[in-house]
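Colleague: Mind docking chain B on chain A? Use the hints.
In case you want the letters, here they are:
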Amino acid sequence: MSGDSVWVLGTSMTRFGRYPDLDAVDLAAKVCLEAFADGEVTVHDMDVMAAGTLFQASTSMGQRIQKQIGQTGIPVFNVTNACATGATAIRTVYLSIKAGEASMGLAVGVEQMGKMGLLAGGSKEEANVYEASGRYGAVTSIDGVLGTATMPGVFAQAGMAYAYENDGVGFEQFAKVAYKNHLHSTLNPLAQYQKEFSLEEIMGSPVQSYPNTLLMCCPTGDGAAAAVLVSEERLRSMPKRVQKRAVKIAASVLTSDPWVESGQVQPDVNTLTRNAASRAYEKAGIGPEDLDLVELHDCFATAELIHYDNLGLCERGGAGDFIDSGAPFRDGTTPVNVSGGLISKGHPIGATGVANVFEVTTHLRGEAGDRQIEGARVGLAHVIGLGSSCGVHILEKAS
Amino acid sequence: MATTQQVPIVNYLRVGARPYLRAQECVGCGARYFDRRNACAKCGQAEFVNARVSNHGVLRSFSIVHRAAPGIPVPYVSALVETDDGTTVRSNLVDCPADPGHVTLGMKVRLATYVSGTDDAGTECVAFGYRPT
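These protein sequence lines map, in sequence, to chains A and B.
Residue numbers 0 to 398, in numbering that gives the first Met the number 0, belong to the letters of the first sequence in order.
Residue numbers 0 to 132, in numbering that gives the first Met the number 0, belong to the letters of the second sequence in order.
No lab work stands behind these hints, which were simulated from the structure alone.
Among the hints, erroneous ones may be present.
Said to hold, decoys possible - Pairwise CB distance ranges (calculated):
1) GLU366(A) to GLY70(B): 44 to 54 angstroms
2) TRP258(A) to LEU104(B): 22 to 32 angstroms
3) VAL73(B) to GLY374(A): 46 to 56 angstroms
4) PRO188(A) to GLY70(B): 34 to 44 angstroms
5) ARG13(B) to PRO74(A): 48 to 58 angstroms
6) VAL73(B) to GLY386(A): 18 to 28 angstroms
7) LEU213(A) to LEU104(B): 16 to 26 angstroms
8) LEU104(B) to GLU281(A): 28 to 38 angstroms
9) ARG51(B) to GLY169(A): 31 to 41 angstroms
10) TYR113(B) to LEU213(A): 27 to 37 angstroms
Stated by the list, open to error - Simulated coverage check for chain B against chain A, where a stretch passes if three residues somewhere in it have a Cβ under 8 angstroms from a Cβ of chain A:
11) 44 to 50
12) 61 to 73
13) 84 to 91
14) 94 to 106
15) 109 to 123
We put the beta carbon where it would ideally sit given N, CA and C, even for glycine.
Okay, chain A solo, but in the shape it has when bound (with noise of 0.2 angstroms):
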């Protein structure tokens, strides 16, 4: 352990799922003392705080969550990203710890969703007076009309065009995803849902967007995920089995959607999340051959498939071969999503980007019980938000 990285310290989630009788501080609050616990550090240790959450991005989050934990005068950063919003809330700290203005710092992300249902599309207005307004000079509602904006939409699109470009993609290669993610999940107490589907459930379970039935679409729902960060100087100063417990974070990355053609008609999921791999790859000097698990973006069936190729997973134009090898499964070469994923452990959008580290923090300490991956020393958590904002983090086992 030498030099100035930045480790994973301690972490903790709730299960996600629904809290009618909580709300998001609550939530944010309990899984801040945990991590604080988990690290063996209290909230006076902190020298900064980013708090992610995006339905309720105005409402001072993290200041609020300060009211429960510890009003210690910190700064804190609040945070939002669309799904990067927690990938976001890390980085932050991570900067900051970086930029030598901190060496230990916490963030959260939460979000309180319930059953909110479709994201995205719009409503339905006829207008009684037609009347040019917006950017595009709509006088009518457009959705349904000039295509779709829904989330389950502009994912299937985003698959049928890796499909329309590679060979060996179509609906049941989706369908496996899905499979995979929540067979995964039968072994994750943490997960919204911990229920296997046969394919042929998957496929035959109501069409949202085609490719993608209700069973290949994330859940909506709450939960709440936190990190305690701290920089290596300050980590040897502690406690050795703290210092064994913790994670090194060999990259943190952020990228936004560069231009390309398509982009203003349908965001661009790829060009970003490549951008963001490369980097990260190159900063933690290692390849994907090198990761023992990953924990990717898988909105939808159809988000993740595309993403193994993306993340450098497979060979180039590749994902549908990937899929049907079984390289994905914890069983195989590449475990991805062993959580269920965000179609099976949920997407509770704030608490997302973090819950992905928590998740990969807990294999390469062997502790994540019945999912354990054995051995696990690296792995990769994957966030992207649409608009679009893309987060990578590639972890380490302390050696």
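Modeller: Just chain B now, with coordinates in the frame of chain A:
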């Protein structure tokens, strides 16, 4: 006889005898945009000219949408079309059954306009989609 007023659903649809889509094209690099831009997102130049987008293209991707906001008729086919001059457009496929057996990636399509609604003043809204050829 009074003629019925018509308005396009969006300002980049040009209606008339020969409807087409009009884009703002960057004079520096040729990137096209359907909304107004302060500077080109590709190259940074700030000068644009109107460009007529080809009415012909191929289906690069689609989704058959069965679940949408209340009031939106489903199922429908949302399509990403790459026009012959390389512009990607999103709209619905029209005159095509909304099932995977009738929608083929790479199939040729062309722009089609139709009246999608009428307001209280009797003005018709003209929308566009793409029809298999």
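Colleague: Looking back at the hints listed earlier, which ones does the structure fail to meet?
Modeller: Those not satisfied come down to hint 11.
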